[in-house]
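Peer 1: Based on the provided sequences and hints, a complete structural model is requested.
There are 2 protein chains.
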Amino acid sequence: MKTLAAFVFPGFETLDYFGPIEMLGGYGSETEIITVAKNREPVPSVHGQKIVIDKTIAEKTDYDLLLIPGGVAAHEAGADEELLQWFRDVSATAERVMTVCTGSILLGMSGVLDGHRATTNKMAFTRTVPIAPKVDWVKEARWVRDGKFYSSSGVSAGMDMALAVMADLFGMEMADRIALGSEYEWHKDATRDPFAKLAGLV
Amino acid sequence: MKTLAAFVFPGFETLDYFGPIEMLGGYGSETEIITVAKNREPVPSVHGQKIVIDKTIAEKTDYDLLLIPGGVAAHEAGADEELLQWFRDVSATAERVMTVCTGSILLGMSGVLDGHRATTNKMAFTRTVPIAPKVDWVKEARWVRDGKFYSSSGVSAGMDMALAVMADLFGMEMADRIALGSEYEWHKDATRDPFAKLAGLV
Numbered sequence: 001m002k003t004l005a006a007f008v009f010p011g012f013e014t015l016d017y018f019g020p021i022e023m024l025g026g027y028g029s030e031t032e033i034i035t036v037a038k039n040r041e042p043v044p045s046v047h048g049q050k051i052v053i054d055k056t057i058a059e060k061t062d063y064d065l066l067l068i069p070g071g072v073a074a075h076e077a078g079a080d081e082e083l084l085q086w087f088r089d090v091s092a093t094a095e096r097v098m099t100v101c102t103g104s105i106l107l108g109m110s111g112v113l114d115g116h117r118a119t120t121n122k123m124a125f126t127r128t129v130p131i132a133p134k135v136d137w138v139k140e141a142r143w144v145r146d147g148k149f150y151s152s153s154g155v156s157a158g159m160d161m162a163l164a165v166m167a168d169l170f171g172m173e174m175a176d177r178i179a180l181g182s183e184y185e186w187h188k189d190a191t192r193d194p195f196a197k198l199a200g201l202v
Numbered sequence: 203m204k205t206l207a208a209f210v211f212p213g214f215e216t217l218d219y220f221g222p223i224e225m226l227g228g229y230g231s232e233t234e235i236i237t238v239a240k241n242r243e244p245v246p247s248v249h250g251q252k253i254v255i256d257k258t259i260a261e262k263t264d265y266d267l268l269l270i271p272g273g274v275a276a277h278e279a280g281a282d283e284e285l286l287q288w289f290r291d292v293s294a295t296a297e298r299v300m301t302v303c304t305g306s307i308l309l310g311m312s313g314v315l316d317g318h319r320a321t322t323n324k325m326a327f328t329r330t331v332p333i334a335p336k337v338d339w340v341k342e343a344r345w346v347r348d349g350k351f352y353s354s355s356g357v358s359a360g361m362d363m364a365l366a367v368m369a370d371l372f373g374m375e376m377a378d379r380i381a382l383g384s385e386y387e388w389h390k391d392a393t394r395d396p397f398a399k400l401a402g403l404v
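So the protein sequences, as listed, match chains A and B. Under our numbering, the first residue of the first sequence carries the number 1, and numbering increases by one thereafter. Under our numbering, the first residue of the second sequence carries the number 203, and numbering increases by one thereafter.
Just so you know, the hints here were simulated from the structure itself, not pulled from any lab data.
Distance windows between CB atoms, simulated: (1) A:VAL72 x B:ASP264: 29 to 35 Å; (2) B:ASP370 x A:ASP62: 44 to 50 Å; (3) B:ARG242 x A:LYS55: 22 to 28 Å; (4) B:ASP370 x A:MET172: 35 to 41 Å; (5) B:PRO335 x A:ASP146: 49 to 55 Å; (6) A:ASP64 x B:VAL274: 22 to 28 Å; (7) B:PRO335 x A:ARG88: 54 to 60 Å.
For glycine and all other residues, C-beta sits at the position ideal for the given N, C-alpha and C.
Peer 2: Have a look at this one:
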């Protein structure tokens with residue numbers, strides 16, 4: 001069983017987080033999902049649902065997997081050096097590190113993605129990628145894998161990326177079963193990105 | 203602003219709930235999302251994330267919109283007559299009533315859907331629809347609208363249904379903006395249902 005640090009910050013984008021969790025949860029015995037935040041108090045999504053915290057960042061850095069959602073408040077979260085250091089510490093030992101939407105910018109602020117290929121929200125792309133200028137940003141991709149780092153395009157793209165991670169960890173048959181079980185038409189082609197065009201990036 | 207009772211029960215399917223919430227949240231001023239449960243204690247999703255409760259069912263029945271997710275524990279939740287009465291009371295006055303996946307079975311157990319067309323999870327269809335035999339169950343549909351009742355197929359279908367509700371309430375332009383903002387390729391055709399075929403229903 002893999003331990004997953006599913007990180008939240010106040011105002012995280014709801015589907016950035018819970019879409020991947022649906023897929024990463026597998027069939028119940030593949031992953032142990034641990035909700036992690038800076039502090040102990042329940043953390044509200046951008047839509048107001050407050051999530052109870054299992055672990056603070058001070059308590060533990062040793063996880064197999066890390067998930068970082070985005071949201072309009074992602075930059076603010078990235079102003080916290082203690083949090084950025086936690087990203088560095090967890091990423092150093094984790095087997096896979098996943099970011100969704102502007103969660104890629106948030107992780108990028110820690111320097112962990114410097115020199116790595118990554119993608120992020122397409123509608124906010126031009127405005128946000130200068131915040132982490134040493135990342136090799138990919139304009140057109142549903143998601144990008146670079147070694148142990150997986151980064152996705154905006155919001156719903158996190159589900160496609162999470163299924164790819166499950167395929168890499170447990171095999172394509174498992175990933176296909178999860179997609180079928182959630183009646184999800186998985187976009188398997190990581191390079192197909194209609195939103196890059198809609199955003200005028202390509 | 204519309205008030206949305208977003209109902210949860212222990213073991214609710216994560217994406218059944220948070221997928222529609224992403225879409226129903228709109229651009230922040232369309233809906234007020236209120237997390238409702240039987241009791242006051244935080245309620246865990248099937249993946250273990252505990253959600254803080256805003257209102258118990260005893261506190262309020264007057265909402266504009268109602269969302270009921272499904273999950274493998276939906277039948278157990280439906281054994282509670284007090285809860286079924288709350289569904290009847292809220293549905294009597296709500297403007298729109300939405301069910302996702304086996305949430306349709308749960309609402310069906312209250313009798314509210316009797317004589318109405320509705321759909322539910324396709325993988326569990328044959329096994330679960332006898333639990334609410336007076337509903338006019340539709341085998342092949344991504345989602346079904348019958349008057350104020352909207353019901354969706356399994357898990358991820360709730361997002362497509364929720365966008366259709368937003369289109370009906372606030373116009374297609376709003377719904378398209380929400381889909382674009384979440385980089386979601388909205389399946390707009392309610393009758394297209396590849397999972398009905400995969401489940402051998404048609």
